[in-house]
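Q: For the protein sequence lines, the chains are A and B, in the order given. With my numbering, the residue at position 2 of the first sequence is 89, and numbering never jumps. With my numbering, the residue at position 117 of the second sequence is 204, and numbering never jumps.
Heads up, some of the hints might be wrong.
One copy or two, either will do: identical chains are not told apart, so a pair holds if it fits within one copy or between any two.
[Stated by the list, open to error] Simulated crosslink set (DSS-like; lysine-lysine; CA at most 30 Å straight-line): (1) LYS192 / LYS110; (2) LYS106 / LYS211; (3) LYS110 / LYS97; (4) LYS192 / LYS112; (5) LYS97 / LYS211; (6) LYS97 / LYS112; (7) LYS134 / LYS110; (8) LYS226 / LYS97; (9) LYS97 / LYS192; (10) LYS134 / LYS112; (11) LYS110 / LYS226; (12) LYS110 / LYS211; (13) LYS134 / LYS211.
If you are wondering where the hints come from, they were derived from the structure by calculation, not from laboratory data. Predicted model only: the values in this text are computed from it and were never measured.
Protein chains: 2
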Amino acid sequence: VVFDNEDATKTAKVQISMKYDEKNKQFAILVAQMNNVPVLLPQQDQKVSVRVAILPSSESTSCLFRTSLMEASDNLIYNELFCVAIPYSVLRQKTLRIDVCALNKYHLEECLGGAQISLAETCKSGERSTRWYNLLSYKYLQAQSKN
Amino acid sequence: VVFDNEDATKTAKVQISMKYDEKNKQFAILVAQMNNVPVLLPQQDQKVSVRVAILPSSESTSCLFRTSLMEASDNLIYNELFCVAIPYSVLRQKTLRIDVCALNKYHLEECLGGAQISLAETCKSGERSTRWYNLLSYKYLQAQSKN
Chain A
88 VVFDNEDATK TAKVQISMKY DEKNKQFAIL VAQMNNVPVL LPQQDQKVSV
138 RVAILPSSES TSCLFRTSLM EASDNLIYNE LFCVAIPYSV LRQKTLRIDV
188 CALNKYHLEE CLGGAQISLA ETCKSGERST RWYNLLSYKY LQAQSKN
Chain B
88 VVFDNEDATK TAKVQISMKY DEKNKQFAIL VAQMNNVPVL LPQQDQKVSV
138 RVAILPSSES TSCLFRTSLM EASDNLIYNE LFCVAIPYSV LRQKTLRIDV
188 CALNKYHLEE CLGGAQISLA ETCKSGERST RWYNLLSYKY LQAQSKN
């Protein structure tokens, strides 16, 4: 398999910061910022938010969070923090699903792309891990599955 | 949001090792092993393989690899290595999609669960990164999206 250099198109990315506080059994997820969101957008000037889900979700409680909506631009600063009370052994079985959602003209939420982050090796020392994650476009994935 | 301890059910996991060799512009993906695969399986005694895709894929070349099929059991050792010639700048735009696939009774490939690994922060020093990733069950995700 050979990729060439022309493949290096702009990719939408999200920066997520995570920290597990063992003393208080609290998992904190900070949605910091996004880059290159317009490459995911069907139309210009849509408002987008970031949806965070902890999966598989617990039956008894909701595990879904949303940032506020912002006008799409090349760099979007959210800096919104979400906290979950969860034992460390449970957390390590979970996967974080990050979705970029826009409101369509019918005011319905439409997911444009996403990333998945396995929490199997989340560190429990209370140290913050901050990383950029590429967002896969759902339009692209749908087109792929039809081939 | 509060999770309780009972949530700590067994999760299927895959261990993946990755290494980027900058001198030869080669990305190596080792599918090392899987744990707890039976929790994903609709039937007992199915054979499963691991499918690895580099997404978004290049138009000109295939970016899909498959391990051999093995009888499902609690611990499956694959140790199969796949190599891709890819510039570092291109690699960092990609996402690795790992799927566990079984052959159904019609001999069609059926995906049971998967993980996604963003390559945005892949290290280029040639150091090997070996980690366990939780596998999300597709049955679970489909049931969720119907709610």
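Q: If a hint holds in the structure, say so; if it doesn't, say that too.
A: Here is what the structure says about each hint:
1. LYS192 / LYS110: Neither way: LYS192 and LYS110 sit 45 Å apart in one copy and 49 Å across, limit 30 Å.
2. LYS106 / LYS211: both (8 Å within a copy, 25 Å between copies)
3. LYS110 / LYS97: Between copies only: 24 Å across, 41 Å inside.
4. LYS192 / LYS112: neither (41 Å within a copy, 45 Å between copies)
5. LYS97 / LYS211: Answer is between: at 20 Å across copies they meet the 30 Å cutoff, but 34 Å inside does not.
6. LYS97 / LYS112: between (38 Å within a copy, 20 Å between copies)
7. LYS134 / LYS110: neither (38 Å within a copy, 43 Å between copies)
8. LYS226 / LYS97: within (16 Å within a copy, 33 Å between copies)
9. LYS97 / LYS192: For LYS97 and LYS192, the Cα distance is within 30 Å only inside one copy (26 Å; across copies 42 Å).
10. LYS134 / LYS112: Classified as neither; 34 Å inside a copy, 39 Å across copies.
11. LYS110 / LYS226: neither (42 Å within a copy, 35 Å between copies)
12. LYS110 / LYS211: within (10 Å within a copy, 36 Å between copies)
13. LYS134 / LYS211: neither (35 Å within a copy, 36 Å between copies)
This entry does not satisfy hints 1, 4, 7, 10, 11 and 13, going by the numbered hints stated previously.
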